[in-house]
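Engineer: Letter by letter, the chains look like this.
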Amino acid sequence: MYDFSALYEATSVSHAVQLMQEHPDAVLIAGGSDVLIKLREGKLAGAELISIYKLDELREVTIDPDGALRIGPMTSFSHATKSPVLQQYMPVLGEAADTAGGPQLRNVGTVGGNICNGVTSADTASTEVAYDAVLEITGANGVRKLSIHDFYKGPGKVALEKGELLTAILIPKESYENCYGYYIKYAMRNAMDIATIGCSVNVVLSADKQTIQRARIAYGVAGPVPMRARTAEAALAGQPVGEGAIEIVGREVLNDVNPRTSWRASADFRKQIISETARRGLRAAIERAGGVF
Amino acid sequence: MEKKLVKCNINGKDVETYVDVRASLTDMLRNDYRLTSVKKGCEVGECGACNVIIDGECFNSCIYLAVWAEGKRIRTLEGLLGPGGELSDIQQAFVDEAAVQCGFCTPGFIMTAVEILETGKEYTRDELRKLLSGHLCRCTGYENILNAVEKTMKQRLGKA
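Protein sequences appear in the order of chains Y and X.
With the first letter of the first sequence counted as 1, position 180 gets the number 188 in this note's numbering; the numbers rise by one all the way through.
With the first letter of the second sequence counted as 1, position 67 gets the number 84 in this note's numbering; the numbers rise by one all the way through.
Hint data in this document are derived by calculation from the structure and do not stem from the laboratory.
Only a predicted model underlies this, so the values are computations on that prediction, with no experimental measurement involved.
Hints should not be assumed to be uniformly reliable.
Said to hold, decoys possible - Here are the simulated BS3-like cross-link-like pairs (lysine-lysine), alpha carbons at most 25 Å apart as the crow flies:
hint	chain 1	residue 1	chain 2	residue 2
1	X	K147	Y	K90
2	X	K20	Y	K62
3	X	K24	Y	K62
4	X	K30	Y	K46
5	X	K24	Y	K51
6	X	K147	Y	K62
7	X	K20	Y	K46
8	X	K89	Y	K62
Chain Y extracted, bound-state conformation:
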């Protein structure tokens, strides 16, 4: 038995919003791979739960009329990996999802939960930060949109107000079009481990594949929340494809990050991994975009 005091099961998004208003202190549970484990550890003992597990309307990945990718937040990691839409337009997100936990966890954990828990090591978060995702948040007063850059408020804290839930992760067309990404997870084990560093890089090359038009780099665990490496991105824009760009990114990303020492790894070691994953990630993203070294 889990130690919670009540379970309310939402049957629709509007029902979930209503339940959150009726039970303002209740904890939202999606796939359960965070909440049920916290309950086992006694951290949420006695809490009330609102389950949105049965909201299959939030489990789809589709394309909006304006071309934006609409990722339902209840999409499991494994369904993100298998999604034909993501495989065609943004395979890096499915690849990042495929590094989280292990196979069974990836069937239950959700991409929405992965950002709503506010954790810096979340394997899909850095890719969404790197693609300037827009979050659709639904509450009693309707729907609002928020850039993912304004979503993270601190470790474990996100910009969801009481009574609000995430109802879509949107990737604008100008963000994914002609854009090729690559994600590297550095961890101590190949499965069932939390990233020591996660690095997501994506590039748009010029038509002749000779020049980097736009590069975006985001990290997990390089700071308290997932973050972009803006100095490195600015330094890469307009650079010719080649070893010079790799040297630049390996050097410049260190101006953008703020890793800490924890029992998993020292800050100095993380800095080395941050630099090396940027170099390898940029090279792989450029090669995917058709660039040749």
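Based on the hints, put chain X in the right spot on chain Y.
Structural biologist: For chain X alone, coordinates are given in the frame of chain Y:
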């Protein structure tokens, strides 16, 4: 505590029972249906001993609410037995390859193997390693488990 009626299909049979809403699926399968192949291991979704197949995908039943099973098709190791209690090919392969020692992880591993085998695809050894990576085994060192799954995969594909 509130009890709720949960109707589902377990190993091909439609069943229903009232469960405490705080129960995990592991609790329901073991206590209400006596399906004790579903082991209580870590109970935090890390070891895979409680793994079952729900609507064709593997889940650690220890981090799954019993009430979420409403309307689902659930398969446990008990459902693999033939009508006369015969072992399935994958179970026999675990025996033949000495992939079982203490046996605690075995039902979970075998259900993941069932999901892998039912895709009908041929996987490399490295791919199998990744597909089986959600299970811990403290006895075998994994090699014999990989051998058993690989052997059954090849047999079913007619390549053994």
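Engineer: Which earlier hints turn out false for this structure, listed by number in ascending order?
Structural biologist: 4, 5, 6
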